[in-house]
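Peer 1: At position 87 of the sequence shown (counting the first as 1) the number is 87 in the numbering used here, and the numbers step up by one without a gap.
If you are wondering where the hints come from, they were derived from the structure by calculation, not from laboratory data. All values derive from a computational prediction rather than experimental measurement. Glycine residues also receive a C-beta, built at the ideal position from the N, C-alpha and C atoms. It cannot be assumed that every hint is accurate.
[Unchecked claim] Below, a list of computed lysine-lysine pairs in the BS3-like style, where the Cα atoms sit at most 30 Å apart:
no. : residue 1 : residue 2
1   : Lys-91    : Lys-30
2   : Lys-30    : Lys-12
3   : Lys-37    : Lys-85
4   : Lys-77    : Lys-91
5   : Lys-12    : Lys-85
6   : Lys-77    : Lys-12
7   : Lys-30    : Lys-48
8   : Lys-91    : Lys-37
[Stated by the list, open to error] DEER-style ranges, computed between Cβ atoms:
no. : residue 1 : residue 2 : range
9   : Leu-84    : Pro-42    : 42 to 52 Å
10  : Asp-99    : Gly-10    : 34 to 44 Å
11  : Val-94    : Glu-34    : 23 to 33 Å
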Amino acid sequence: MQVNELAHEGLKRAYSVTLPAGDIASSREKRLSEIAKTVSLPGFRPGKVPLSIVRQRYGTAVMGEVLEQSVGDASRKVVSDRGLKPALQPKIEVTNFPDGGDLEFR
């Protein structure tokens, strides 16, 4: 995770955070494996659905879940590492996320 401070005006702070694509991909695969153990689809025994089919069917939803969790964890880490005590929930905006690339947000 790479963190750059963009603005420091009075009580306002702005940071740019970049999460490596490898971390996101490993979190996604881990979550897909967890789902594969419990999913039940017609034609397969419960928990025996191939990972490729689980990825095809649940991949988009899992990616959204992983991104939400990764961004939340990273923003909490930035706040705690910098010793900040936010009065409000930080405004988070994804600035760059190419397919299979690093995730960048502010």
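Peer 1: Are the hints correct? Go through all of them and say.
Peer 2: Cross-check of the supplied hints:
Distance hint between Lys-91 and Lys-30 is fulfilled; the C-alpha atoms sit about 28 Å from each other, no more than 30 Å. A threshold of 30 Å between alpha carbons decides the hint, and for Lys-30 with Lys-12 the separation of about 36 Å lies outside it, so the pair is violated. Between Lys-37 and Lys-85 the CA atoms are separated by roughly 40 Å; this puts the pair beyond 30 Å, and the hint is violated. For the hint pairing Lys-77 with Lys-91, the CA-to-CA distance comes to about 15 Å; that is within 30 Å, so the pair holds.
Between the alpha carbons of Lys-12 and Lys-85 the distance comes to roughly 11 Å, so the proposed pair stays at or under 30 Å and holds. Distance hint between Lys-77 and Lys-12 is fulfilled; the C-alpha atoms sit about 18 Å from each other, no more than 30 Å. With a C-alpha separation of about 16 Å, the suggested pair Lys-30 and Lys-48 falls inside the 30 Å cut-off, and the hint holds. Restraint check for Lys-91 and Lys-37: the C-alpha separation of about 36 Å exceeds 30 Å, so the hint is violated.
Roughly 50 Å separates the CB atoms of Leu-84 and Pro-42, a value that falls within the hinted 42 to 52 Å. Between Asp-99 and Gly-10 the beta carbon distance is about 38 Å. The supplied range of 34 to 44 Å therefore holds. Judged by the Cβ atoms, the range 23 to 33 Å given for Val-94 and Glu-34 holds: they are separated by roughly 24 Å.
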